[in-house]
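Protein chains in written order, with the working numbering: chain W, 71 to 562; chain F, 71 to 562.
Heads up, none of these hints are tricks.
Put simply, identical chains are the same to the list, so a pair is met inside one copy or across any two.
In silico DMTMM-like pairs for lysine to aspartate or glutamate, Cα to Cα no more than 20 Å straight-line:
id, residue 1, residue 2
1, 557, 343
2, 329, 155
3, 99, 291
4, 328, 155
5, 356, 325
6, 367, 155
7, 367, 390
8, 196, 425
9, 419, 290
10, 152, 331
11, 435, 373
12, 318, 290
13, 470, 491
14, 555, 290
15, 555, 291
16, 557, 291
17, 318, 346
Simulated from the structure, these hints should not be mistaken for laboratory data.
There are 2 protein chains.
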Amino acid sequence: MNYSETKNTTSLALLTDFYEITMAYGFWKHNMHEQNAVFNLFFRSNPFDGGFTIAAGLETAIDYLNKFHFCRADIDYLRSLKGNDSRPLFDEKFLEYLTTMEFDCDVEAIQEGTVVFPNEPLIRVKGPILQCQLIESALLNIINFQTLIATKSARINLAAKGEPVMEFGLRRAQGIDGSISATRAAFIGGCSGTSNVLAAYHLGIPALGTHAHSWVQAFEDEPAAFDAFAAALPTNTIFLVDTYNTPKGIDNAIEAAKKVEAQGYRIKGIRLDSGDLAYLSQLARKKLNEAGLQHMKIVASNDLDEYLISSLKQQEAAIDSWGIGTKLVTAFDQPALGGVYKLAAIETKTGEWLDRIKLSEQSIKVNIPGIQQVKRFYRNGVMAGDMIYDQRKDLSGPVKMIDPSDPTRTKILDKASLSCEDLLVPVLKKGKCVYQQEPILKLQQRTSQQLDLLDKSIKRFVNPHIYPVGIEETLYNRRLELIVKYKQDKQG
Amino acid sequence: MNYSETKNTTSLALLTDFYEITMAYGFWKHNMHEQNAVFNLFFRSNPFDGGFTIAAGLETAIDYLNKFHFCRADIDYLRSLKGNDSRPLFDEKFLEYLTTMEFDCDVEAIQEGTVVFPNEPLIRVKGPILQCQLIESALLNIINFQTLIATKSARINLAAKGEPVMEFGLRRAQGIDGSISATRAAFIGGCSGTSNVLAAYHLGIPALGTHAHSWVQAFEDEPAAFDAFAAALPTNTIFLVDTYNTPKGIDNAIEAAKKVEAQGYRIKGIRLDSGDLAYLSQLARKKLNEAGLQHMKIVASNDLDEYLISSLKQQEAAIDSWGIGTKLVTAFDQPALGGVYKLAAIETKTGEWLDRIKLSEQSIKVNIPGIQQVKRFYRNGVMAGDMIYDQRKDLSGPVKMIDPSDPTRTKILDKASLSCEDLLVPVLKKGKCVYQQEPILKLQQRTSQQLDLLDKSIKRFVNPHIYPVGIEETLYNRRLELIVKYKQDKQG
Numbered sequence: 071m072n073y074s075e076t077k078n079t080t081s082l083a084l085l086t087d088f089y090e091i092t093m094a095y096g097f098w099k100h101n102m103h104e105q106n107a108v109f110n111l112f113f114r115s116n117p118f119d120g121g122f123t124i125a126a127g128l129e130t131a132i133d134y135l136n137k138f139h140f141c142r143a144d145i146d147y148l149r150s151l152k153g154n155d156s157r158p159l160f161d162e163k164f165l166e167y168l169t170t171m172e173f174d175c176d177v178e179a180i181q182e183g184t185v186v187f188p189n190e191p192l193i194r195v196k197g198p199i200l201q202c203q204l205i206e207s208a209l210l211n212i213i214n215f216q217t218l219i220a221t222k223s224a225r226i227n228l229a230a231k232g233e234p235v236m237e238f239g240l241r242r243a244q245g246i247d248g249s250i251s252a253t254r255a256a257f258i259g260g261c262s263g264t265s266n267v268l269a270a271y272h273l274g275i276p277a278l279g280t281h282a283h284s285w286v287q288a289f290e291d292e293p294a295a296f297d298a299f300a301a302a303l304p305t306n307t308i309f310l311v312d313t314y315n316t317p318k319g320i321d322n323a324i325e326a327a328k329k330v331e332a333q334g335y336r337i338k339g340i341r342l343d344s345g346d347l348a349y350l351s352q353l354a355r356k357k358l359n360e361a362g363l364q365h366m367k368i369v370a371s372n373d374l375d376e377y378l379i380s381s382l383k384q385q386e387a388a389i390d391s392w393g394i395g396t397k398l399v400t401a402f403d404q405p406a407l408g409g410v411y412k413l414a415a416i417e418t419k420t421g422e423w424l425d426r427i428k429l430s431e432q433s434i435k436v437n438i439p440g441i442q443q444v445k446r447f448y449r450n451g452v453m454a455g456d457m458i459y460d461q462r463k464d465l466s467g468p469v470k471m472i473d474p475s476d477p478t479r480t481k482i483l484d485k486a487s488l489s490c491e492d493l494l495v496p497v498l499k500k501g502k503c504v505y506q507q508e509p510i511l512k513l514q515q516r517t518s519q520q521l522d523l524l525d526k527s528i529k530r531f532v533n534p535h536i537y538p539v540g541i542e543e544t545l546y547n548r549r550l551e552l553i554v555k556y557k558q559d560k561q562g
Numbered sequence: 071m072n073y074s075e076t077k078n079t080t081s082l083a084l085l086t087d088f089y090e091i092t093m094a095y096g097f098w099k100h101n102m103h104e105q106n107a108v109f110n111l112f113f114r115s116n117p118f119d120g121g122f123t124i125a126a127g128l129e130t131a132i133d134y135l136n137k138f139h140f141c142r143a144d145i146d147y148l149r150s151l152k153g154n155d156s157r158p159l160f161d162e163k164f165l166e167y168l169t170t171m172e173f174d175c176d177v178e179a180i181q182e183g184t185v186v187f188p189n190e191p192l193i194r195v196k197g198p199i200l201q202c203q204l205i206e207s208a209l210l211n212i213i214n215f216q217t218l219i220a221t222k223s224a225r226i227n228l229a230a231k232g233e234p235v236m237e238f239g240l241r242r243a244q245g246i247d248g249s250i251s252a253t254r255a256a257f258i259g260g261c262s263g264t265s266n267v268l269a270a271y272h273l274g275i276p277a278l279g280t281h282a283h284s285w286v287q288a289f290e291d292e293p294a295a296f297d298a299f300a301a302a303l304p305t306n307t308i309f310l311v312d313t314y315n316t317p318k319g320i321d322n323a324i325e326a327a328k329k330v331e332a333q334g335y336r337i338k339g340i341r342l343d344s345g346d347l348a349y350l351s352q353l354a355r356k357k358l359n360e361a362g363l364q365h366m367k368i369v370a371s372n373d374l375d376e377y378l379i380s381s382l383k384q385q386e387a388a389i390d391s392w393g394i395g396t397k398l399v400t401a402f403d404q405p406a407l408g409g410v411y412k413l414a415a416i417e418t419k420t421g422e423w424l425d426r427i428k429l430s431e432q433s434i435k436v437n438i439p440g441i442q443q444v445k446r447f448y449r450n451g452v453m454a455g456d457m458i459y460d461q462r463k464d465l466s467g468p469v470k471m472i473d474p475s476d477p478t479r480t481k482i483l484d485k486a487s488l489s490c491e492d493l494l495v496p497v498l499k500k501g502k503c504v505y506q507q508e509p510i511l512k513l514q515q516r517t518s519q520q521l522d523l524l525d526k527s528i529k530r531f532v533n534p535h536i537y538p539v540g541i542e543e544t545l546y547n548r549r550l551e552l553i554v555k556y557k558q559d560k561q562g
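Only chain W is shown next, with the shape it has when bound in the complex:
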């Protein structure tokens, strides 16, 4: 199996859960396939017990949607599938329909790098229910993962307090574009560059790296290895000093650096990859300074994350930049975001929109119905609260929002006294892209600017303050009515 090849023999239309296709078939059989529906992609809690989330993955999702179509190989495969009576599962006419179908949904989304919160639709899809359904799995795959990693990266970069964080995760990522997606999201979250050369090339971001222990092992001893590396790459040398013994490795790095610097080069630094990073970094800083090598930076790596970085900073570790692999690209302490994609409204054949919910034993898990938009309010330049509302609602004058998890918590927001903006922007109209994609550096800048607008109590790692997100009052009441109604009589 070769992914890069096989992907050209089929489109990505089959990158979907099988039930999306059986449901599509069911809708087609009942002539409901072109009935319009609204689906929202959202998550129910911030990852890592944190106070915020960073939206990411939209550009990748748009690329997928722009190319959405079934090609011959896809259809041939679907034709080959059988039911439990060994006959073809799908009518030939349905397969024909898929072949000629053009994606023509309206898609709105929150821009990448935006701070987002639970229950807010990151993506809203409106269009023929068959199409909405077919794209569910791929959208979730793309948005769940990149949003998770961008959030982890933002947390790690917050912990590093502006010092460069390099993403070194290729070897622990999930496959080839698992790694490229992770690199992309890590960069949006604030990382300065990546060790993954293919990702650096495709994303147009810096490729970074030092050398491995194997370099040192390949030579008779460490001084010979360091001299050789600096001679080959005098303009790009960071010595890894822990192959045999770190303090001695630091001394050897200093000796090697002095020789090369005497020829007019500047050695970039050293890397610590094991042991007590607080103690060793302070020791290294002292030795480097005593040798007149104040400009040489100290890079640390070894299973770091936001908690370890914070702890090292508290211990006044003399670390200038951070290499983060496994804990970042796998989001080790919570490796899935858990985003979902739920039907919120459906249009009748007479053009009336009906709200829809799914019940749950936990009422917090009942989704929000309607055609939603999110309004963010700012007070004195700081984010003051987000309100999920139905875009058909007239919002002139003060509006009340209600916390869905505690209806006694309400907030009255007045557009006259607060500045505000809608977060969802048009991305595709009738299937055609209307969104100007942004350079990845712009997305990284947005993350940083957005985090600056967020109160620091919400950004802390332990017991963060909960940012207020409410449902506009009339929508809140509509949802309550639906819950009561479906509990009573909609089961038939």
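Following the hints, position chain F against chain W.
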């Protein structure tokens, strides 16, 4: 960015950590690039606090190696990289060398689906050090992830005790081929099929699925939704019964099933996706049986893993098959294997092989030197122990192996009284594939057969017995000597 497209403009040679390329350049500058070396890919502990690991990813790795080459776009990119003096980092002659270089290493590996243990080389690469180095990151990326997921899948399938486990993880996987890799490894570990249609197509395995809550929500009420689904797909219907209220949903499913069965069809079953699965499955079984629908199966999903399945079985849940997503494809409780790739020997210009180690403050983390092979011994048809040895060692007669974590634990193994086999088999010779790739079903069968050969104390989830893996005595002693030697004098 579009992965499927961009991958064709470059090869996968850039799917590597940047330091592999700077080291390659360093070796080339010092005319060491064609010096032969031996690298081993291994991990240091079984994932999930478990007693075993299932090797996977080899076929994907072989595909990568078979196509390994630098194309023009790769070289153009490398040419564009600058050092901190803003001049090109790499000599043009080095780039020429990469362009014409052909991969010609010898690769040996343990076959997919084999039970493996810490410190055993899953892959051994022998050849020019520059080439060994360039392939490190991609091999780790591929083998780490697939081995992790195959192991998780094997554990989940052990918990399910032969009942079908379906992999439903697309929406929580890391990108497109993150999901396909996960599906592949999950199947090797024992899953019966996947919801991921693209993966099913490429791997030639069953595509499986039911329907979503949105199907039910799209109709006026649940009975109408169930009738419509069964009418459209009478040969492939599993009703999801928890959109509004599970007990009522079971009743509605039974009514819908009766109608369709009256027309001569067989409904496959129902799916429970929330609530108390032990209680609800027993309730559903009772109701289905009372309705004469004994043949209808009960599928359960909702963040399941091996522990929850075991618990549900202990509670005598009436579940016939299991849909597993997030916890499987992310290996939620330990989302990285931590496999490494270490230099173990290097050939001098006069043809002598020198053993190499990397030291660590924890002596258990010091790698094993030499040109390794793994011999597995069987006693009465059950795996009795594995011995890592240097293939240059004559093993006629009884051999002693020593536990590297406790040298007082030794074992004498006699090939005369025990059957045994070498686990590493040739995969590439001088860069040419000599390995006959196997159908994926064969790999799944190997996993199952291998687990049957493993004592059940090693397969349990809590405090498993530790399977004996030792180092052959002369290799053990050689490693000890090297540790002492490098601690004393190899730092210069």
